[in-house]
Amino acid sequence: MAKRMTPAIARFKKKHAGKTIQVSTPGKEAWRRLRRNRTALLGLAIILLMLIAAIFAGWIAPYEYQQQIYADAYQTPNARHLFGTDNFGRDLFSRCVYGARYSLSLGLMCVIASFLTGGMLGVIAGYFGGRVDNLIMRFMDMFQAIPQVMLAISITAALGNGIPQMITAITVSTMPTISKNCRAAILNVKNADYVESSRAIGVGRWRMIFRHMIPNSVGVMVIFVVGLMGATINMMASLSYLGVGLNPPTPEWGLILSDGKGFFTAYPHMVLFPSLMILFTILAFNMLGDGLRDAFDPRLK
Amino acid sequence: MKRENNDTVVSIKDLVVHYETHEGVVEAVNGVSFEIKKGEVLGLVGETGAGKTTIALSIMGLLPVPPAHVIDGEIILDGEILLGKQKVQKGRKKKDVVVAKSNHEMRHIRGKKVSMIFQDPMTALNPVRYVGDQIAEVVELHNICSAKEATQRAKEMMEKVGIPAERYYEYPHQFSGGMRQRVIIAIALACEPELLLADEPTTALDVTIQAQVLDMMRTLQREQQTALLMITHDLGIVAEMCDRCAIIYGGQIVECGDLEHIFDRPRHPYTRGLLSSIPSLEKDVSRLSPIPGLVADPMDLPEYCTFYDRCDKHCESCKTGDPDLVEAEPGHFVRCFRVEKGSV
Chain A
1 MAKRMTPAIA RFKKKHAGKT IQVSTPGKEA WRRLRRNRTA LLGLAIILLM LIAAIFAGWI
61 APYEYQQQIY ADAYQTPNAR HLFGTDNFGR DLFSRCVYGA RYSLSLGLMC VIASFLTGGM
121 LGVIAGYFGG RVDNLIMRFM DMFQAIPQVM LAISITAALG NGIPQMITAI TVSTMPTISK
181 NCRAAILNVK NADYVESSRA IGVGRWRMIF RHMIPNSVGV MVIFVVGLMG ATINMMASLS
241 YLGVGLNPPT PEWGLILSDG KGFFTAYPHM VLFPSLMILF TILAFNMLGD GLRDAFDPRL
301 K
Chain B
302 MKRENNDTVV SIKDLVVHYE THEGVVEAVN GVSFEIKKGE VLGLVGETGA GKTTIALSIM
362 GLLPVPPAHV IDGEIILDGE ILLGKQKVQK GRKKKDVVVA KSNHEMRHIR GKKVSMIFQD
422 PMTALNPVRY VGDQIAEVVE LHNICSAKEA TQRAKEMMEK VGIPAERYYE YPHQFSGGMR
482 QRVIIAIALA CEPELLLADE PTTALDVTIQ AQVLDMMRTL QREQQTALLM ITHDLGIVAE
542 MCDRCAIIYG GQIVECGDLE HIFDRPRHPY TRGLLSSIPS LEKDVSRLSP IPGLVADPMD
602 LPEYCTFYDR CDKHCESCKT GDPDLVEAEP GHFVRCFRVE KGSV
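In order, the protein sequences belong to chains A and B. Heads up: the first sequence runs through residues 1 to 301, numbered per this note's numbering. Heads up: the second sequence runs through residues 302 to 645, numbered per this note's numbering.
Treat the hints with caution; some may be incorrect.
[To be verified] For the chain B half of the interface with chain A, some residues (derived, Cβ under 10 Å), not all of them: (1) 405; (2) 411; (3) 435; (4) 438; (5) 485; (6) 492; (7) 602; (8) 605.
Hint data in this document are derived by calculation from the structure and do not stem from the laboratory. A virtual CB, placed ideally from N, CA and C, is assigned to each residue, including glycine.
Same shape as in the complex, but just chain A (with noise of 0.2 Å):
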């Protein structure tokens, strides 16, 4: 037989001598279906943009984010101040500038927290089933049987302000959803023939884990990773306008928010600029989760 095949080997071999093979991988389909998705493709660019103004924060910005300049104080917006000033006198498109770097940081922070916990412990919940699965999802329960900001306030106000303490509350609030979420997509490919076959050639249980189920569901976690990101931006400017965040002088925009409110009749600058700045994030990241979402679906291939 071996040699009967030699024929076909030899004519596929001469075909394609010096030629790579164009694969399509899943990701680069899903790729492909992005792109003809306009409205995804300008929540990536907006997304694309303000992680450039995260990381070129220091040259973007004109002032630094505390510096204070009393005689421009008040200043609507101009040419020298393009976002205008709050009442010290700081210029407020470089504190939304610096503000970028926070969310997105913070933001990203988080949702890799929330990965590792709460993620992890979804996935185990889902492969190994019966009484893991119980324990875990009844503690998952608890934690959610509390309203999420609710939780996260509670959880700060015990830590007290700070970048370590939000980050934990949001990981801790956010756990449950994130949980749950995991343990349904490892429930897909949980029956799959080939995690079967897999098992049938005597693959073992965490490679099964990492190798195989978790490849699977990478799509279905990445449309649920940006949706997040959104959420979380949002919880932490939140979290921020209530006094229970990050301290002044940081240029997180809930805080620039929140300094801004006590100014809001006569100055509407001072929370517009910051608010926009949050809304166009958050659309931003939930038009690309969407179109993630169109994008992975294979029903629509």
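We have chain A already, so just place chain B on it with the hints.
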């Protein structure tokens, strides 16, 4: 069936597997025994629900427990007891309990000593990994070798099953059904297992591809001297591939023997029924003669011969009990009262 042979690869004795569900106990396998020697191909033929796949999964140790429970039996693979009775202290009494190898121990046996080919090649490969990597994985898991050697071995296997090694870095969705089944066969045979279980390996393929894949399987099986358990409901495949054949009905082997026994001198009414329901090109028959009735309900098997209700030659004495598997001629076993009494 107790032929003395030292080169027996797998032997199964009195295997009884039940599924305990809410609706009742499904008696899937009821006392099945057989042996396969090195390089031998045994066909396991039966209708849907006869217990064929359950037998294969018990050998692999992949039965879904619960609902499946091995009630009785012994499985010995290459001298190793995969499943067997052990005396376990229970209270004051010592009880015989069927003990299977743990999942951890089975992991080193699956893929190395025994492999399984599943029915549907379209879903049995991981869609997000290179096909080559999936072949290399089994080598990496069981042979102590570098990743590079595993890759090399995977490429070798690909060429052996008739796929250019250049296609190593491609995904399953770029392959046709027949090609995927070739990849699956490559995975199953990459570690040169002692025993290969093929669970209807060609049912999902069309006939021309079926012939190619079977041909290739047969060649590789002969080359590696693998014992092969061919599970199928197609007697044509049995005639093509197998050395011996066991007909299974209601979770029991009703007839077992060499190919000429089964095809030329069938003794059990069920085997005869199966053979007469195959369309023939030579004989001019206006109608096929199917076996009347439905497969015995494994949830409610009768006390007497399981085939009684569909048998066209049954008599009153058939209702007296369950017939035993008797040797009608050397190497030919039949489970029927009429053969037992010597009147056929």
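Going through the hints against the structure:
1. 405: At about 8 Å, which falls below the 10 Å cut-off, the nearest Cβ of chain A leaves the hint on residue 405 of chain B intact, so it holds.
2. 411: holds, 4 Å
3. 435: Given a least distance of 8 Å, the restraint on residue 435 of chain B holds.
4. 438: holds, 7 Å
5. 485: holds, 7 Å
6. 492: holds, 8 Å
7. 602: violated, 28 Å
8. 605: Not OK, violated: residue 605 of chain B not within 10 Å of chain A, min 37 Å.
Of the numbered hints given earlier, the model fails hints 7, 8; all others are met.
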